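K.L.:
Single-letter residue listing:
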Amino acid sequence: MPDALPDLFAPYDEHTQPQVPIQHYAGTYTRNPRRPPFRRPVTRTELTGPLDLSAKLHPGDINLAETNGKPAQGQLIYVTGRILDEDSRPVAGALVEMWQANAAGRYFNPLDQRDAPLDPNFIGNGRCQTDATGRYGFFTIKPGAYPVPNSNKWWRPPHIHFSILGPSSLSRLVTQMYFPGDPLNAVDLLLLSIADREAQQRLISSHIPTQQIEGEWLGFQHNMVVRGRHATPPL
Amino acid sequence: MSALPNSPLVPAGWQTIGPFFPRTFFNEGDNDLTRIAPTAPPTALGETIILHGHVLQEGGGPCVNAVLEAWQADALGHFRHPLDPGHAKADPAFMGWGRAWTDAEGHFEFRTIIPGSFADTSGPRAPHINLGILGSGIMRRLCTTVFFPQHAAANTADPVLAVLPAELRPLLLAQPDGERDGLRVFRFPVLLRGEPHEETPFFLD
Ligand SMILES: [Fe+3]
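Residue numbers (the numbering used here), protein chains in the order written: chain A, 1 to 235; chain B, 1 to 205.
No lab work stands behind these hints, which were simulated from the structure alone. None of these values were measured; they are calculated from a predicted model. Wrong hints could be hidden among the right ones.
[Said to hold, decoys possible] Between beta-carbon pairs, the in silico distance windows are:
#, chain 1, residue 1, chain 2, residue 2, range
1, B, T24, A, L192, 25 to 33 Å
2, A, Q113, B, G182, 22 to 30 Å
3, B, N27, A, H207, 30 to 38 Å
[Unchecked claim] So these bits of chain B aren't anywhere near chain A, every CB distance computed over 10 Å:
#, residue
4, A40
5, A44
6, A88
7, A154
8, L164
9, E179
10, R193
11, T200
12, L204
[Stated by the list, open to error] Cross-link-like lysine to any residue pairs, in silico, SDA-like; alpha carbons within 25 Å at most:
#, chain 1, residue 1, chain 2, residue 2
13, B, K89, A, L51
14, B, K89, A, D7
15, A, K70, B, K89
16, A, K70, B, P22
17, B, K89, A, L8
18, B, K89, A, G93
19, B, K89, A, S54
20, A, K70, B, R23
C-beta atoms are modelled at their ideal positions from N, C-alpha and C, and glycine is treated no differently.
Build out the structure end to end from the sequences listed, making use of the hints.
P.N.:
Structure follows, in C-alpha cells:
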C-alpha cells in the first residue's frame, strides 16, 4: 500500500465544524436532519474512493481572470496552497473545484438574481488537480461581498467556495476561503457557526509577500487539511 | 500551518456549497457510473439499473439543486483502490463514482450496476451504494447508504445496516419501481428532515 494513502479516519471534532441552524439561513432549518447521525464502522467503501476522477471531472480551468482573451474586472489575485492530510502529508492528485462571485459580488449563475452587474468576462468557476506536493493554484479576481436576501443586512464577506475530492470518500471536503483583514469576517454567520475560534481562523487565507509573486497578481496562500491519517504513526 | 512531527493537523471546517454551485460543473454522463468517461463503452459486468428518487426537505417540499455523489463497489464487490486487497481484480471499465443533481422537483437519477457484496473486517457487506448529499444550507455532507431488497439475507448480516434500530432499516432499502429501456428501476426517496419514522437515516461522516 502506498504510504501516502490515509487509512485511519477519526470523527471530526465537533467544535471545529459548523453547527446548525444558522439564523437568517432558511435552508439550515429545513435541510438538516433532526435525528443525530448514526456512527457506523469504517468499512472498505468509506476507506476507498475514486483515484481516476479526472476522466470525469476534467481539470484545467485555472485562469478565471480572463474569458476569450478579455480581462475580467477586479483586483487580479493568485490563490494557491496545499492540500494536506492530518499527518501533514501532501494529498497529490486531488481534484480541487472552486467557484466565486465577481468583483461586484454577483455569481454568474441564473439563480443569482441580485441587481448587481454581471461581468461578461468573468464566469468564476475553476477546477484543477494537485501536484505531487499537494499544491493547487488559481489565477482569478478578488470576489466582492454580497448581501444575503431577507437577512437583516447580513453581508457575506468576500469568499471563495472550495470542493476537494481526495483519495478516500472520507477525505471529501467542501469549505470556503476568506480573505485576511476583512471586517465582515468577524460578523459572518457561516464563519461564526464554527465554535472554535482557531478553526474559524483556519478558513482565512494569508497574504503572500508581493515580492514572491511574478506578474501583477496579489497572492493569497491557503492550505486546506482534509481528514485522514496513517494508522501507523510516522517516526 | 507548520506542525511538529507527530502533531496532527486539524481538518478544515466544512461550509455549505451555498445556492450557486455551478451547473457547468456537471458534464453529460457524470451520473452514469457504468462508464468511466462519457465516451467510454459501458462496463460489461453486472446488471445495469436506474436508481432515482426525490430529495425532500422539511414539510415535504423539493430540495432543488442538491448534489448527490455516489460511491460503490463493482459487480464483484471490488474497488479499484489500493486499500482494497482485491483491487487488482477490480473491473477496469468501472469507476464506481458518479455525481447527480436535483431538478426543480428535487429529482435525481443515476445509471449504475448492482454492486457486489464483499467480506470486510467489520463483517460481510451487503450490496450497497454510499450517497453523499450536499446542498444550500446543508453545512456538512449528509451520508447515507442505499441497500437492495432482493438481498434480504445479506442485508440482515450487514454491519452498517445493523447500526440502525430495526424499524428504520427499511428506509435505506431502494424500492423496485418497474422497468425502463429493459433496465430495472429502483427508487430511493430521501427526506432530509421530518418525523422520526420517515426521516432518512444518516451516518456520521
Ligand atoms: Fe458564496
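K.L.:
Each hint should be assessed against the structure and marked as holding or not.
P.N.:
Results of checking the hints against the structure:
Here the CB-CB span from B/T24 to A/L192 is close to 31 Å, well matched to the stated 25 to 33 Å. For the pair A/Q113 and B/G182, the beta carbons lie near 42 Å from each other, so the given range of 22 to 30 Å is not met. For the pair B/N27 and A/H207, the supplied restraint of 30 to 38 Å holds, since their beta-carbon distance comes to about 35 Å. The beta carbon of B/A40 is not kept farther than 10 Å from every beta carbon of chain A, the shortest such distance being approximately 8 Å.
With a least beta-carbon separation of about 18 Å from chain A, B/A44 lies farther than 10 Å from that chain, consistent with its non-interface assignment. Even its closest Cβ contact with chain A, about 13 Å, leaves B/A88 beyond 10 Å, as expected for a residue assigned away from the interface. Distance to chain A confirms B/A154 as a non-interface residue, since its nearest Cβ pair spans about 14 Å, more than 10 Å. Non-interface call for B/L164 relative to chain A: violated, since the shortest CB-CB distance, roughly 6 Å, does not exceed 10 Å.
Listed as outside the interface, B/E179 is consistent with that label: its C-beta sits roughly 27 Å from the nearest C-beta of chain A, beyond the 10 Å cut-off. Against the 10 Å criterion, B/R193 falls within the reach of chain A, whose nearest CB is about 5 Å from its own CB. Its closest Cβ contact with chain A, about 7 Å, brings B/T200 to no more than 10 Å, contrary to its assignment away from the interface. The claim that B/L204 is not at the interface with chain A is violated, since a C-beta of that chain comes within 10 Å of its own (minimum 4 Å).
Taking the CA atoms of B/K89 and A/L51, the gap is about 16 Å. The hint holds against a cut of 25 Å. In summary, the hint linking B/K89 to A/D7 is supported, as the alpha carbons are separated by about 21 Å, within the 25 Å threshold. About 49 Å separates the Cα atoms of A/K70 and B/K89, which puts this hinted pair outside 25 Å; it is violated. Taking the CA atoms of A/K70 and B/P22, the gap is about 21 Å. The hint holds against a cut of 25 Å.
Restraint check: the Cα-Cα separation between B/K89 and A/L8 comes to about 24 Å, which is no more than 25 Å; the hinted pair holds. For the hint linking B/K89 to A/G93, the alpha-carbon distance of about 23 Å falls within 25 Å, and the restraint holds. Distance check on the hinted pair: B/K89 and A/S54 sit about 22 Å apart at the alpha-carbon level, within 25 Å; holds. A hinted pair counts as satisfied when its Cα atoms are at most 25 Å apart, and A/K70 with B/R23 qualifies at roughly 23 Å.
Of the numbered hints stated above, those contradicted by the structure are hints 2, 4, 8, 10, 11, 12 and 15, listed in ascending order.
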